[in-house]
Amino acid sequence: MVFHNYSIIVVKLKVVYKNFNFIIYNIYTQLLKHYDLLFTTIKSICIRSCSKS
Numbered sequence: 002m003v004f005h006n007y008s009i010i011v012v013k014l015k016v017v018y019k020n021f022n023f024i025i026y027n028i029y030t031q032l033l034k035h036y037d038l039l040f041t042t043i044k045s046i047c048i049r050s051c052s053k054s
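To convert a position in the sequence shown, counted from 1, into our numbering, add 1.
Hints are computed from structural coordinates only; laboratory data are not their basis. Check the hints yourself; a few may be wrong.
[Said to hold, decoys possible] Cross-link-like lysine-lysine pairs, in silico, BS3-like; alpha carbons within 30 Å at most: (1) K34 - K15; (2) K34 - K53; (3) K34 - K19; (4) K44 - K34.
[As the list claims (entries may be wrong)] Computed beta-carbon distance windows for the label pairs: (5) C51 - I10: 54 to 60 Å; (6) I48 - I28: 26 to 32 Å; (7) V11 - K44: 34 to 40 Å; (8) I43 - V16: 47 to 53 Å; (9) I10 - L32: 30 to 36 Å; (10) L33 - Y7: 34 to 40 Å.
Don't be surprised by glycine CBs; every beta carbon is placed ideally from N, CA and C.
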């Protein structure tokens with residue numbers, strides 16, 4: 002009985018872990034996209050301010 006409960010817990014943990022990995026991956030990709038956008042924006046601002054001076 003105890004072993005049965007343990008196996009259920011393990012299966013649930015595996016599912017949670019998979020979902021957690023998926024969420025982390027999504028957040029990571031979103032951050033990368035935004036970082037890329039941010040980097041491009043900062044670069045263009047720098048180029049503009051450099052060319053003005």
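For each hint, the structure was consulted:
1. Only pairs whose Cα atoms come within 30 Å are accepted, and K34 paired with K15 is accepted, the gap being roughly 29 Å.
2. For the proposed pair K34 and K53, the alpha carbon gap of about 29 Å is at most 30 Å, so the pair holds.
3. Distance restraint check for K34 and K19: the Cα-Cα separation of roughly 23 Å lies within the 30 Å cut-off, and the hinted pair is therefore satisfied.
4. Proposed proximity of K44 and K34 is supported: the alpha carbons are some 15 Å apart, at most 30 Å.
5. Evaluation of the 54 to 60 Å hint for C51 and I10 yields a pass: the beta carbon distance comes to about 59 Å.
6. Taking the beta carbon of each, I48 and I28 are about 30 Å apart, inside 26 to 32 Å as hinted.
7. At about 48 Å, the beta-carbon gap between V11 and K44 misses the expected band of 34 to 40 Å.
8. Between I43 and V16 the beta carbon distance is about 40 Å. The supplied range of 47 to 53 Å is therefore violated.
9. Our hint of 30 to 36 Å for I10 and L32 holds, since their Cβ atoms are close to 32 Å apart.
10. The given range of 34 to 40 Å is respected by L33 and Y7, whose C-beta atoms sit roughly 38 Å from each other.
Violated hints for the displayed structure, listed by number in ascending order: 7, 8.
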